[in-house]
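**Student:** Single-letter residue listing:
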Amino acid sequence: MAVGSGPPRLPGALVALLMAGLCLGTLIPLLLRTGEGGLVGADWAALRFTLVQAALSAGLSVGLGVPVARALARRRFPGRSALVTLLGAPFVLPVIVAVLGLLALFGRSGLVNEALGLIGGPRMSVYGLHGVVLAHVFLNLPLATRLILQGWLDIPAERFRLAATLGAPIWPLLEWPMLRRILPGAFAAIFALCLTSFSVALILGGGPRATTVELAIYQAIRFEADFAGAAQLALLQYAICGVAAGFALWLSPPALGGGGLGRSVERWDAAGAGARVMDAAWIGGAALFLLLPLGLAVLRGVGGLSDLPVETMGAALRSVMVAVSASVLTVGAALALALRAGTLAQLAGALPLAASSLVLGTGLLLVLRSVVGLSAVALPVTALVDAVASLPFALRALAPAVAEIEARHGRLADSLGLVGARRLRVVILPLARPALGFAGGLAAALSMGNLGVIALFAGPGQETLPLLMAQLMGAYRMEAAAATGLLILALALLLFWIFDRGGRIDASS
Amino acid sequence: MLRLEQLELGQGSFRLVADLEVPRGASVALMGPSGGGKSTLLAGIAGFLAPRSGRVTWDGVDLGPLPPLARPISVLFQDNNLFPHLTALQNVALGLRPSLRPSPEDRQRAGSALVRVGLAGLEARRPAELSGGQQARAALARVLVQDRPLVLMDEPFGALGPALRAEMLALTREVLDGRGATLLMVTHDPADARRLAGAICLVADGRAHPPQPAEELLADPPPALRAYLGLTQAT
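Chain order of the listed sequences is A and B. Per the working numbering, residue 23 is the first one in the first sequence, and the count goes up by one each step. Per the working numbering, residue 887 is the first one in the second sequence, and the count goes up by one each step.
The set of hints was computed from the structure by calculation and includes no laboratory data. Incorrect hints may have been included.
Pair ranges (Cβ atoms, derived) [claimed, not checked]: (1) ILE527(A) to MET887(B): 48 to 56 Å; (2) ALA936(B) to GLY47(A): 35 to 43 Å; (3) ARG910(B) to GLU180(A): 53 to 61 Å; (4) ASP1091(B) to LEU366(A): 37 to 45 Å; (5) VAL350(A) to VAL947(B): 41 to 49 Å; (6) VAL947(B) to ILE520(A): 50 to 58 Å; (7) ALA1113(B) to LEU273(A): 46 to 54 Å; (8) LEU273(A) to GLY1116(B): 47 to 55 Å.
Residues of chain B clear of chain A, computed beta-carbon distances all greater than 12 Å [to be verified]: (9) GLN994; (10) GLY1019; (11) PRO1035; (12) ALA1077.
Where is the CB? At the ideal position from N, CA and C, for every residue including glycine.
Take these sequences, add in the hints, and give me the full structure.
**Tutor:** Structure, rendered in structure tokens:
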């Protein structure tokens, strides 16, 4: 690129430096503390459990996603597009609300156990390995289905027509090669996500047989004040997340575009009644599995509204403040990186995938503990870590939009002297507003429902809504917890809507 | 005078060399096969692409170290000549000053340029509310207010129908001739070249040839131009 042209690139370099400082710099205090002890048996058990549950969750999500995606790819029915849209929702669905919904269905006094009780069957427990896996499949089956569905719809319709005229078998010719290409990436992405879902393990796991590494970190800090042990575990978590994220990026699953999932491909091989019934069963089953817990969570939440504790108001205010701050930080950082583009920006944007929120929080805690009271910085640190965690997703939404604006209008802007900050104000900000709004909404919703760092740092009276909800669940005040969950869900959706709408309103293109 | 001195431009394995002069006030049509390097040549002159070697000079001044804005050049691209989120007036006024709030004087100059190209009354429209021909006119109005001595056009009217294209070429010629501006325009149509340009610069086989009088060149085309125009040896 010639001199005196292009968008501002310095802020991107600064953000990249900051990300490296945050994500790699936190390794230093962790490394400094590790000399003080070794990993004990319980730590290895946590590692084993973390890997086993993630592998099972990813395997089941992908395995079940294949028939659901195939059914969606080859059937048209009323409500199909609504269902496909719904498959995108769990990404911003607060994890803790999803867990509550699953408890309402499969929990001790959930619908399934009530039904089993009526017919005199045995009661089942949702706690432990199978509960954690169940929750992860609930959260990731939609993602797996969308990724695989994309693969199916990327096969050109002409190929199916050609196969039909030749009477060629579709499975070995078209479908299996596509799946072999898509599935490893989908598995790796979901495996990496399942390594770091702290709130699922906190509520459904626990005990010597079902503790993840992140849960063990939390327990070491909160209950045993064993900072050396926490540092060791954090390094361990850093290592496995780094390897998993590396694999996920290497096998990178196809990018999920906004459109393209709307059509279905006409098929000649699946007209039989048997295939129809099977497809209907898969679609119906998946829809029920996703909608029932959510519906129950909302229903119980409405029923529990009168039980909302007095702390809710303050917690809601803190949550909104944290979410909005995190969103602003994320969008600013993602925009700076998107303007810079290039390998450095991509690397900086991918770093948070290796450094999970809880590990980042642990590193910051070790540094800050000696300098300042933890509760004094609980909310800013939470906002910062939430912002870092959302950055990869915000960047994925923003980078293509900025790249397209540059490709279309970059030369014209250069020739008119629109460079640097002027370029940003006159050209990029107005044109990228829809993507900025979407990225901001995503970050705000993710932060709104995130339970992680705040659990490490918060003192009394500093709860955000997710932490308050976890505390209520721990105290078996399920009605109040459900109502809090409903509030989290409503606020997350509201924030997403406001940001996204703000980006689109009056946008011209 | 525009001089390309032993200029070599490259993108990947593509290579284009040029060693030629264009006198002040001339109109030159760049012709040649697709992928022959016409757009690359314009990008090199405008400063979007740094040369591998050689120099671009204007009246003896080396343009090499200058960013696109500082060159005595205004550019019309194939498309995306207007920002979609700005009004016609704002788009034209950007040619005067890179700001979204033009001064009253700038507004007045941009407004009269719009009148000059036949867009009176459409100042507040955004590009999406203008027809293709009106968009081309608005872009031409910006070239007018920029008032640079060298104008580069990369098939700016390619998407318009034949009648509209002829009209725009006539308008271009009219507004530029009055100012003695030098014009380099990429075109595919020999009729355009005849209509607009005194000279044709053939860009083919990795080389931009020195401009030659249009009538002369079209009457007896060299083999590369002959092949491009689809004329067989027999004719």
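**Student:** Each hint should be assessed against the structure and marked as holding or not.
**Tutor:** Here's how the hints hold up against the structure:
1. ILE527(A) to MET887(B): 48 to 56 Å: Holds - the Cβ-Cβ distance for ILE527(A) and MET887(B), about 52 Å, lies within 48 to 56 Å.
2. ALA936(B) to GLY47(A): 35 to 43 Å: The hinted range 35 to 43 Å holds for ALA936(B) and GLY47(A), with Cβ atoms some 37 Å apart.
3. ARG910(B) to GLU180(A): 53 to 61 Å: Hint holds: Cβ distance 56 Å, inside 53 to 61 Å.
4. ASP1091(B) to LEU366(A): 37 to 45 Å: At 39 Å between Cβs, range holds.
5. VAL350(A) to VAL947(B): 41 to 49 Å: holds, 47 Å
6. VAL947(B) to ILE520(A): 50 to 58 Å: Because 54 Å falls inside the window, the suggested range holds.
7. ALA1113(B) to LEU273(A): 46 to 54 Å: Holds, at about 48 Å.
8. LEU273(A) to GLY1116(B): 47 to 55 Å: Holds: the Cβ-Cβ distance is about 49 Å, inside 47 to 55 Å.
9. GLN994: Per Cβ check, GLN994(B) is outside 12 Å of chain A; nearest 19 Å; holds.
10. GLY1019: For GLY1019(B), whose nearest Cβ neighbour in chain A is about 19 Å away, the distance exceeds 12 Å, so it holds.
11. PRO1035: holds, 15 Å
12. ALA1077: holds, 28 Å
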